[in-house]
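A.B. asks: As a plain string of letters, each chain reads:
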Amino acid sequence: MQQTIEKDKFLTSVRKWWHRVGQKADSWSKKGGPVRRKMYLNRTLYFMMLPYLILFFAFTVIPVLMSLALSFTSYNILEAPKIIGWTNYLTLFLDDEIFITAIKNTLILAVITGPIGYIAAFVIAWLINELPGKLRSIVTLAFYAPSLSANALVIWTLIFSSDIYGYANAFLLEWGFITEPQTWLTNTTYILPIVIVVQLWMSLGVGFLSLVAGLKSVNKELYEAGAIDGIRNRWQELWYITLPAMKPQLIFSAVMQISGTLGIGGITVALAGFPSVSYAAHTIVNHLADYGGIRYEMGYASAIATLLFISSIALNKLIRRMIRRVGE
Amino acid sequence: MAKKEKNYNAIKARRIDSRPFSEINAYTVLFRSKKKKRVNRSKAGDITLFVFLAIAGTFSLLPLVLTFFNAFKPLNELFLYPPRLWVANPTLVNFIDLANALGNSLVPFSRYFFNTILVTFAGTLGHILIASMCAYPLAKYKIPGGSIIMGLIVYSLMFPGSVTAIPHYLVFNFLGMIDTQWSLILPSIASSLGLFLMRQFMSQVPTDYIESAKLDGAGDMKIWWKIVMPLVKPAWLTLLILLFQGLWAASGAQYIYREDLKMVSYAITQIATAGPARQGTLAAVSLIMILVPISVFVITQSQVMETMAHSGMK
Chain S
0 MQQTIEKDKF
10 LTSVRKWWHR
20 VGQKADSWSK
30 KGGPVRRKMY
40 LNRTLYFMML
50 PYLILFFAFT
60 VIPVLMSLAL
70 SFTSYNILEA
80 PKIIGWTNYL
90 TLFLDDEIFI
100 TAIKNTLILA
110 VITGPIGYIA
120 AFVIAWLINE
130 LPGKLRSIVT
140 LAFYAPSLSA
150 NALVIWTLIF
160 SSDIYGYANA
170 FLLEWGFITE
180 PQTWLTNTTY
190 ILPIVIVVQL
200 WMSLGVGFLS
210 LVAGLKSVNK
220 ELYEAGAIDG
230 IRNRWQELWY
240 ITLPAMKPQL
250 IFSAVMQISG
260 TLGIGGITVA
270 LAGFPSVSYA
280 AHTIVNHLAD
290 YGGIRYEMGY
300 ASAIATLLFI
310 SSIALNKLIR
320 RMIRRVGE
Chain Z
0 MAKKEKNYNA
10 IKARRIDSRP
20 FSEINAYTVL
30 FRSKKKKRVN
40 RSKAGDITLF
50 VFLAIAGTFS
60 LLPLVLTFFN
70 AFKPLNELFL
80 YPPRLWVANP
90 TLVNFIDLAN
100 ALGNSLVPFS
110 RYFFNTILVT
120 FAGTLGHILI
130 ASMCAYPLAK
140 YKIPGGSIIM
150 GLIVYSLMFP
160 GSVTAIPHYL
170 VFNFLGMIDT
180 QWSLILPSIA
190 SSLGLFLMRQ
200 FMSQVPTDYI
210 ESAKLDGAGD
220 MKIWWKIVMP
230 LVKPAWLTLL
240 ILLFQGLWAA
250 SGAQYIYRED
260 LKMVSYAITQ
270 IATAGPARQG
280 TLAAVSLIMI
290 LVPISVFVIT
300 QSQVMETMAH
310 SGMK
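Chains as they are written, first to last, in numbering that gives the first Met the number 0: chain S, 0 to 327; chain Z, 0 to 313.
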């Protein structure tokens with residue numbers, strides 16, 4: 000009994016205090032301009048956004064700014080960061096041959112898997128759109144399944160295993176393409192092509208789903224109107240009606256594709272190990288992980304991260320500008 | 000006027016077929032209907048494109064089918080030359096081996112499963128709640144600062160996650176979360192793709208519903224929970240599948256060093272490096288691990304597709 004009374008007393012005092020805080024905030028908001036008043040009136044909304052925003056700033060915004068700042072320092076976690084200006088960037092481009100290899104590999108991967116993956120995603124989505132309802136969802140699943148099953152990546156090491164039990168070796172031996180088993184994943188000529196194949200296998204992700212859904216929601220009357228206006232075949236229909244109608248999904252899917260291809264790193268480790276034989280599959284992300292996670296040269300690794308960040312944003316801007324021009 | 004319209008209809012009837020569009024598809028063209036032709040479709044074109052689709056589909060599914068069959072192969076079939084895709088004498092011995100490994104390795108295998116399930120569950124649930132709570136004001140109100148936040152979120156979709164890997168380590172270190180499962184859960188709660196999709200989908204909720212609830216005296220929290228959330232069920236199922244697949248495949252090896260907090264993916268790579276003797280067990284555990292996200296996707300597929308239709312960017 001005594002306890003409940005004490006509890007009540009405590010709660011009333013808290014409520015009173017909260018009320019006073021509210022009144023103070025109210026009068027404070029009236030003193031400022033209309034924006035401040037509006038923010039006060041919408042305070043519930045800001046409280047609703049707060050938890051996410053705290054996490055978003057802590058794990059995305061601040062880290063990006065941090066890596067920008069750290070890229071001008073030498074920092075090994077144990078000692079305080081030392082400002083060294085542009086040295087990290089100069090070393091990266093002038094003194095670090097492995098980084099140049101990493102750029103080269105990343106570019107090869109991006110130039111091949113980026114456009115091919117993107118176009119393949121669109122063509123497949125476009126074909127799926129012509130299938131009847133039930134079949135459409137089954138085929139969508141068939142193409143989306145690889146990106147759902149990141150845990151199945153190990154099957155590729157079995158397919159390209161170096162002994163005769165590997166599926167690739169056995170198949171090619173059987174058909175007489177090769178005379179002795181190849182060491183696929185430790186042979187510098189084959190590693191990169193294999194990474195490309197596996198990356199393409201996994202690349203139909205969220206962007207692909209967006210394309211399938213976008214195609215489905217293109218207004219059907221546009222096609223009939225187009226036929227009257229003189230569109231003769233499916234290719235014209237694609238260029239003049241379908242693509243312009245789904246530009247937003249095309250952009251979304253391109254954004255996903257770009258951050259996917261520039262972020263290739265996990266696949267190369269899973270297939271070719273880390274580091275891969277004579278750095279044949281070494282990507283920028285691998286280089287970053289090497290300096291950040293193993294050598295603890297955080298300043299240097301941050302410089303790599305900053306370059307990766309700037310190049311992905313620039314590439315995104317470029318591709319967006321190109322897509323906006325589609326169908327014109 | 001009437002004459003012109005009649006004329007127009009006549010042209011229309013000549014050029015295109017009058018069936019509802021939902022009935023016009025490649026399937027009927029290829030297999031059933033020989034009577035009518037669809038707009039701008041040739042049969043040769045259809046066949047070429049579908050041959051392409053079939054080849055691409057085989058490429059996509061073959062590794063998964065291989066994983067499936069390998070899980071049921073006895074040892075002598077796993078090391079057969081030439082290797083076969085299908086299984087002749089299916090056996091459950093790999094799963095029994097896996098069950099034994101569950102019990103008696105250094106860290107019981109069930110512990111890895113528990114960790115994966117715990118992290119996936121906490122991260123997914125937290126993300127759905129917190130991200131959609133933030134998406135509601137961004138989608139339905141014009142509040143000061145809202146457009147800046149949305150801009151930041153769109154920018155954050157544009158670069159690969161590895162950019163923030165190093166500062167993440169420093170942030171976790173600062174917060175004392177190295178070697179705990181928070182280092183996996185919290186960043187995934189803050190994933191920006193989910194928030195973006197949720198906001199896009201919430202914009203479709205009619206403002207009238209919110210206005211009328213407001214007239215009835217409901218606060219914003221109540222409107223969000225009682226009115227908006229039930230309406231955007233497709234969107235949170237999409238967030239569920241997106242986050243689920245990422246966390247389910249996470250290995251946790253980056254920021255977690257304690258063996259008993261690591262996840263199944265990590266164990267899979269350990270088995271894979273252990274050599275060919277565990278090939279069967281490896282296939283069995285991979286099969287289990289890929290079946291879960293695939294079945295979640297199958298259940299939620301139609302809702303996910305509904306959400307993705309609103310995923311566009313300008």
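The hints are simulated quantities; they were obtained by calculation from the structure and are not laboratory data.
Any given hint could turn out to be false.
Said to hold, decoys possible - Every beta carbon over 10 Å from chain Z, so not counted as near; a handful from chain S, in silico:
1. Glu129
2. Val138
3. Tyr278
Claimed, not checked - DEER-style ranges, computed between Cβ atoms:
4. Leu64(S) / Ser109(Z): 58 to 66 Å
5. Thr178(S) / Arg83(Z): 16 to 24 Å
6. Arg83(Z) / Thr86(S): 20 to 28 Å
What the hints assert, rightly or not - List time: in silico DMTMM-like cross-link candidates among lysine to aspartate or glutamate, alpha-carbon distance up to 25 Å:
7. Lys133(S) / Asp215(Z)
8. Lys6(S) / Asp25(S)
9. Lys316(S) / Asp289(S)
10. Lys37(S) / Asp215(Z)
11. Lys37(S) / Asp207(Z)
12. Lys37(S) / Glu210(Z)
We put the CB at the ideal spot given by N, CA and C, even for glycine.
A.B. asks: Please name the hints from earlier in the document that this structure breaks, with their numbers sorted from lowest to highest.
C.D. replies: Hints 1, 2, 4, 6, 7, 8, 9 contradicted; others consistent.
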